[in-house]
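Protein chains: 4
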Amino acid sequence: MCGIIGIYNHKRAAELATLGLFAEQHRGQESCGMAVSDGRVFRLRKKMGLVKNVFRPDKLAHMQGSIALGHVRYPTRGSSSPFNAQPHVQETLAGPSVALASNGDLVNYDEVRARLECKGIYFSSQNDGELLLKYIVCKVELEGMAIPDAIRSLMHEIKGAYSTVLATRDRMYMFRDPYAIRPMVYGHHEDGTVAVASENCALDILGIHRHLEVPPAGILWVDDQGMHNQPNDPAQYRAVPGCHHCVFEHIYFSRPDSFIFGENVYSVRERIGAKLADSDKGLHPDVVVPVPDSSNFIALGYAKRKGIPFEMGLIRNHYVGRTFIKPQQTVRDESVSQKFNPLPNFFKGKKVVLVDDSIVRGTTIRKIVQLLLRESAAEVHLRIGSPPVMFSCYYGIDTPTRKELIASGNTIEEIREYLGATSLRYVSADELCGCVGEPNEYCYACFTGHYPIEPKETS
Amino acid sequence: MCGIIGIYNHKRAAELATLGLFAEQHRGQESCGMAVSDGRVFRLRKKMGLVKNVFRPDKLAHMQGSIALGHVRYPTRGSSSPFNAQPHVQETLAGPSVALASNGDLVNYDEVRARLECKGIYFSSQNDGELLLKYIVCKVELEGMAIPDAIRSLMHEIKGAYSTVLATRDRMYMFRDPYAIRPMVYGHHEDGTVAVASENCALDILGIHRHLEVPPAGILWVDDQGMHNQPNDPAQYRAVPGCHHCVFEHIYFSRPDSFIFGENVYSVRERIGAKLADSDKGLHPDVVVPVPDSSNFIALGYAKRKGIPFEMGLIRNHYVGRTFIKPQQTVRDESVSQKFNPLPNFFKGKKVVLVDDSIVRGTTIRKIVQLLLRESAAEVHLRIGSPPVMFSCYYGIDTPTRKELIASGNTIEEIREYLGATSLRYVSADELCGCVGEPNEYCYACFTGHYPIEPKETS
Amino acid sequence: MCGIIGIYNHKRAAELATLGLFAEQHRGQESCGMAVSDGRVFRLRKKMGLVKNVFRPDKLAHMQGSIALGHVRYPTRGSSSPFNAQPHVQETLAGPSVALASNGDLVNYDEVRARLECKGIYFSSQNDGELLLKYIVCKVELEGMAIPDAIRSLMHEIKGAYSTVLATRDRMYMFRDPYAIRPMVYGHHEDGTVAVASENCALDILGIHRHLEVPPAGILWVDDQGMHNQPNDPAQYRAVPGCHHCVFEHIYFSRPDSFIFGENVYSVRERIGAKLADSDKGLHPDVVVPVPDSSNFIALGYAKRKGIPFEMGLIRNHYVGRTFIKPQQTVRDESVSQKFNPLPNFFKGKKVVLVDDSIVRGTTIRKIVQLLLRESAAEVHLRIGSPPVMFSCYYGIDTPTRKELIASGNTIEEIREYLGATSLRYVSADELCGCVGEPNEYCYACFTGHYPIEPKETS
Amino acid sequence: MCGIIGIYNHKRAAELATLGLFAEQHRGQESCGMAVSDGRVFRLRKKMGLVKNVFRPDKLAHMQGSIALGHVRYPTRGSSSPFNAQPHVQETLAGPSVALASNGDLVNYDEVRARLECKGIYFSSQNDGELLLKYIVCKVELEGMAIPDAIRSLMHEIKGAYSTVLATRDRMYMFRDPYAIRPMVYGHHEDGTVAVASENCALDILGIHRHLEVPPAGILWVDDQGMHNQPNDPAQYRAVPGCHHCVFEHIYFSRPDSFIFGENVYSVRERIGAKLADSDKGLHPDVVVPVPDSSNFIALGYAKRKGIPFEMGLIRNHYVGRTFIKPQQTVRDESVSQKFNPLPNFFKGKKVVLVDDSIVRGTTIRKIVQLLLRESAAEVHLRIGSPPVMFSCYYGIDTPTRKELIASGNTIEEIREYLGATSLRYVSADELCGCVGEPNEYCYACFTGHYPIEPKETS
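Protein chains in written order, with numbering that gives the first Met the number 0: chain A, 0 to 458; chain B, 0 to 458; chain C, 0 to 458; chain D, 0 to 458.
Mixed in with the good hints there might be a few duds.
With a cut-off of at most 30 Å between alpha-carbon atoms, the simulated BS3-like pairs for lysine-lysine come out as follows [claimed, not checked]:
#	chain 1	residue 1	chain 2	residue 2
1	D	366	C	51
2	D	46	D	58
3	C	46	D	51
4	A	402	A	347
The hints are simulated quantities; they were obtained by calculation from the structure and are not laboratory data.
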């Protein structure tokens, strides 16, 4: 999971890109980066850490230019290192003059990299973005292709998810994989700025309130002549028909105020909650409590449909972060209590519907269920806003291997027993389909194992 | 606003103190610090930044010892500098062997400091905590007093709010001002650890689920003989009778899962919301929306009493922080949009009750009201969970001078007009009194100007 | 003034290069750098500071490879910044795979840079080495030239002094300007290592005790087939016939234990001293004292020829460096006394011959003369090991503009009077010619203004 | 070996102290430090590294005040750490208000520290200076002594070498051990500044050209009334009569331009050289060559007496420093060649007298002798400016344990054979006595084992 931003034609492009990255920080907090063109070369800055720490005003002051690409990263491929941060910039005799940032994971990274290395191309990271950049530069420099043609070639050869922005010293290109797996939108400000982002909340913050989807297999670019759109039929690159948007963008990743794949994220979540409520006909709970913050809207949807109170019974500590102190270090056995604390005297004797967005390994939600029971909740009915996650994702979500997925080797009853909940229900795949307008345009591979792009199983 | 933590008798005291500071980080994000005694001397670390960044595991590894004092700081007196961070440690011939951390502001800091300086005492900061520490060490070292007597003397001489923990190499003392203005609780873990904190959520995280208030003018200490309690009548130090707990701890500062001054914070907030609803008899709104996160429970209380939907219509970006880019830098005019974004298509045509906890200058809430109107909300009824703030606080809250307080020079109607809201109502002082069990034990000076301790007006 | 080193075919090339740089540190103390090829790409490290601080063992451990280029820099063109340090490395699609280090200044830098920029070449520094590298890479990459041909083309186009080493991932090239202005030698170790350096003292330290000159306009390279020598007639590039070695390498720059342009440096210096003595027939001094350390051998030569005692009457403080505290800062008027201190009770009543290598502005030597007089020296006869410096150097020596050169606007008697010396004599140009074996092969432009390569006068 | 400086009554005391430390840098290059009083408290800065790097002008700008103490350190007791650097400053209720810097080693450090620790005194380092400071502060603070009385008490209790400067906020004290083992001088500038230093070259640089010795057991101080001298008979503290100045200050440590223990250092060294020459009646060498730089004056003295040429046949590289690369790392077997290089073609066929100041382990001089023989020197007659070093020093010189001293287990002939020299002669103890004016006032313990203060043998 990552976020991208691209700004074209604003004299303070780096500042706008920083605003966009603020808005997308939820998509990746490990590292961030920015490349800014002053019309001649790109200046690059990338570091581990949050946008607000990496791009302080004094640093931005050194990044003058009217084109800026930015990226926030949550690590999937490659270790936690600034080398694996994006954007990537290609140095040539003309200076560092091409930059690229991308969101999504590639499936045939190893093969393509090996082919490029045979041609003498050097890689300084294990990052997908570098592969995309080197592929294009190689086509352009060594084979004399125009950039749009190089991108088309890329779509034939490189498989996986990519929502990508690329800039030369005076142009900005945007392109997206044929299944449109990850979100990607763009828009124009009335002052002439063009911006592209993973989520439209990053455009909102720039005052761009109308946005368009970059189409599947879309190749767009903007230069001083304006916007250009290369017609490109996605069908030619597809093994299976249609888009395959990641449904987890709605369930978990995207911000609730974003408009993803043509839908309001919060509305989809509320609909999921309502579906869960509809199937709980016989249940008469006292309260609905979300595991904050990602499940808030699912729980709100449940509460409204059911007509019972929504309560924020669990308080989340936003400040714990990664330095999480392990229980063995402190002889306290509940590391989850560092992150979640129940309201005092709240749960006692109550029939609680506890709502979470998904279950991966089940370790955290199990501790939360225990916490509620220890607080003397009478019943804890666990409701999950996604079907059981039984398969790994290869397109940009950091899921563990199958055997670590609790739903891949256990029945729902076994899971319920392990978690200690009074009852457990997942939203069904059919119910989930009912929550989005175009259910056939989504990828459900992590529930079904039907991958639109066949992954190579690796350790 | 600050938070303190003290740990006694745990071999990994620094780790427990770090956990406690995680839980209290909402009380101050500017700087943090810790002093740990290895039984001989204190090792001190304090820096600008969040607890999770300052006290990473590798740093904690160098802070061995069984007594630890910690502090998180939100700046009130003194500039933003690590010198003004707490705890303070006194270096003597015996090494750095006394440490102190305190929450609250002192009213006669300048006078007391001048008196101590006349005796040759040196101050390295402008921080209240250093004054308290130097005062006590001076009494002990130069006048031969026992520490409890020095604290009693302090209570006679130093005026203001202080919830304070002090440690020598083998003892931990806790004391609190006679009006008990700021919160302060302590508790015992079954493994023998004693902990003291600003809020009990910091004890919860340590597995200490029962806690006691440090009484007003209380002087407690723990040594290898156990807990000691110095009887001390607060009346002797009081100009006016009774406790004067800060009511804003309930309205805004404390975490909703804390139990402050004998009350559940979230319950107080929900009651405030209900009071606001009770007075809106004739109003029939479509939704209630909080300004997240501090107003969530007030809005929930309003929604429940009124029987209308609670909706999280504003999304708050937690990642913006202090590097906030000014509008003039980016030609975008709405800096508030960096922090709050409305759900798309949500407000259109709705009668909205917008709930906030308080209004200080009014600049932010004005922009939020405008935002909702621009989203085509039909009506925006603003409801405030505190009475109009008309006077500055001198006991630990960073309020601006009177003339910057919008309520000090304007009628409510004038404020409403400035904000652009359809209607505006504050909870009244009487209603607020009805929300806590012992209303006479609270300080309402910021609403009434009746200060329990008379401040010296300074610029 | 700079120093270069190149190491080929040693598995610890970076360590050998560091040793070489230690030996050449006298040629430049501002910054240093190294590029090491692991057979694939170059790893680069360059920083302000001394070799011993920049290339500590822990840093060397990260610079594995069998080819290493190193550089020490004394600033001439370009500001004091690590960007202007050498070596330079060219990044391409194949990674950072060409590196270059050079000693000497270019005369037509601006013209050549402008021509390259017109072709789209980007410069990240104002450094001569970058120009040489970009020129060659441009010829190779854009025009398909072989490297030796590119170097030949360079010799036609680029004017000035350059003793240059260039490496690709598996070859090391050495080349030198047609006048062989700066020194450059190479040699083989019996273990197969090939090394090139500015001075042979840097080869000595590696155990390479036999060395050869890189010929004027010489183009040599070494690969896994061994050493290659491209025949190249220097006459084709010369405006005036013959070599034009910098005579100041003997007088001042090179280490006395080096063998430069076919001569022992210390022998040349002793001969200069003897010439000065020969002309002092009527003078009967008590002692000869050098301005340490550069004039030691000239003074020794004088003393031996004259048969009077050589005495180290001035002690030089090696530790003062650049943080020299200005007199106005301390109300002490003799900043020279920070660097030189006289032996106590030494000069009193003595007729002293004071020897220095050259006079540029005259400010320091004036203070030294005053110092000796204040110590009650009876007479101070100043003898200078070079003719009057009347013209600026454009080939690598950091001389000031003409009007700052004391000898360019004053007679010798005027200079003597300004300095306060009893008598003043410079070695004459004729005498100097008599001190080297091939006097026609040297450049005397700073004494005569006859430049082998016509400079563009710039401000 | 360390150096101290103290400045009193100059508004730019820190700058003057920096100049003094520049002049004394030869006495210690590991770390340096300074404490400056602004009349109220001391500001302290100490770091590993050279004075010119630690006290850059920007750092000095933060050290305002009219009293400054400085120190350069060569490590003897305590590890290489900034904690062990000097000066030490005592923090009290009145702030950091006493500072101390000392040169010399203490013999009964462990005992005195243990006694002070029993009284509750805390030590933060293993440094002698901290012991002296804590001892005095303890006497003053806990026992109410005046500082001069505390120093007298110190002289009774603490054994060893100490040339010490101590400052309070408005006074500067100087005192010295009863045997006056290490040098210590002071002087007045006509502008009212008082300065104290290890060597007078540090006073010279300040424009103070007349200096006085701090007498053995002397206790002096300066305040706004002027200079004070506490009469104090050293005999009362002495186990054996007389001063015991370290004779190695003349042979090796001090700068040749200093005036130590009433003698010109360079004169003593030249006399040693002359004594060595006098005993070489039958020897007719071609040249005398010093091991630079410490033996230059001994070799000059030898050459003048003998009437044969003094030649600087070995060039020393000043830039190698501590990062010395070990031979095993580079497969080069002569690490000495990193530091010393012979003049080329110089030694061939010559009868050389090679002069060194002393032999400790013999490893370096052995390699130098080999170097000369490899250069085809006909004969290498090694002459040493001190008697054989057979015993360790406990008063401030970092000598190894006895068994590592080559002269402690071998005859001179055995040493000669090990070194490979044609002949070997040390100056005899009698001859050495003939080189100083007051031979009975010196310590020769490292030659004879007769220690004025009995050391505790430790591992």
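These are the hints, each one checked on the structure:
no.: 1; hint: D:366 - C:51; result: holds, 22 Å
no.: 2; hint: D:46 - D:58; result: holds, 12 Å
no.: 3; hint: C:46 - D:51; result: holds, 18 Å
no.: 4; hint: A:402 - A:347; result: violated, 36 Å
Hint 4 from the list above is the single one not met by this structure.
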